[in-house]
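Residue 358 is where the sequence shown ends in our numbering, and the numbering goes up by one at each step.
Quick caveat, the hints were computed from the structure, so don't treat them as lab data. A couple of the hints might just be wrong.
[Unchecked claim] Pairwise CB distance ranges, derived in the manner of DEER restraints:
id, residue 1, residue 2, range
1, S198, L314, 39 to 45 Å
2, M159, K325, 45 to 51 Å
3, E252, S283, 29 to 35 Å
4, Q276, Q157, 54 to 60 Å
5, C168, T282, 41 to 47 Å
6, I179, P200, 31 to 37 Å
7, A254, G171, 43 to 49 Å
Note that the structure is predicted; figures quoted are calculated from it, not measured. Cβ atoms here follow ideal geometry from the backbone N, Cα and C, with glycine treated the same way.
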Amino acid sequence: MLQTISKKRKIQSMFFRNLMRICGWGCAAIAFSICAYILVRGVGELSFGFVFSKPSYIKETIGILPDLLNTIYLVVAALALVVPLGVGAAIYLCEYSRNAKMSALIEHAAEILSGIPSIIYGLVGMLFFCQFLGLKTSLAAGVLTMVIMNLPGMIHSAQESLKTVPVSLKEGAYALGAGKWKVIRSIVLPACLPGVCTGMILCCGRMVGESAA
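Starting from the given sequences, assemble the full structure and let the hints guide the process.
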């Protein structure tokens, strides 16, 4: 009976493993085909002037340099605010907060905010930052809109990374006489750095792909 169950589990494991491989390679093939199609159709239109010039109706030129620079400025400035705020909030919720109900409420609110469509954030940014605060259609308004858009996702990613740190590492540091902040700075943060970097990459992808902000 045990041998039959073992064989059945092996067959199931092999089936799902191959299924995951097929799905993974299929997604990679679709992404590669889309990139290849765009590259083949657009490589003939690329030129130095197209990439490093700005559009002008007077000179009848077309360029994407202002768009590239605006995207770079927006992503760098937004990440400079999102990462410290998101990681700090996650550290507070996981390490310092003693009110379980308040922590659960904040986590639930972050999950709800991460599912709101980007156009809603764009409208809120236009009404609050551009009109109410008088920032108009500036880089600061776009950066602040991106911050509130990506902050819930960054908090969630950092929080999940913090939860994966083994408790034994922290207990060992406490046993050696290390303080709470010392443990967080020297043990917890380095251990959860891959998860934080993953959250940063996801935030970058969303910032680059969003047009409303």
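Results for each hint:
1. S198 - L314: 39 to 45 Å: Violated - the Cβ-Cβ distance for S198 and L314, about 53 Å, lies outside 39 to 45 Å.
2. M159 - K325: 45 to 51 Å: Cβ of M159 to Cβ of K325: about 47 Å, so the range 45 to 51 Å holds.
3. E252 - S283: 29 to 35 Å: This hint holds: roughly 33 Å between Cβ atoms.
4. Q276 - Q157: 54 to 60 Å: For Q157 against Q276, whose Cβ atoms are near 58 Å apart, the range 54 to 60 Å holds.
5. C168 - T282: 41 to 47 Å: For T282 against C168, whose Cβ atoms are near 42 Å apart, the range 41 to 47 Å holds.
6. I179 - P200: 31 to 37 Å: violated, 26 Å
7. A254 - G171: 43 to 49 Å: With Cβ atoms ~36 Å apart, the hint is violated.
This entry does not satisfy hints 1, 6 and 7, going by the numbered hints stated previously.
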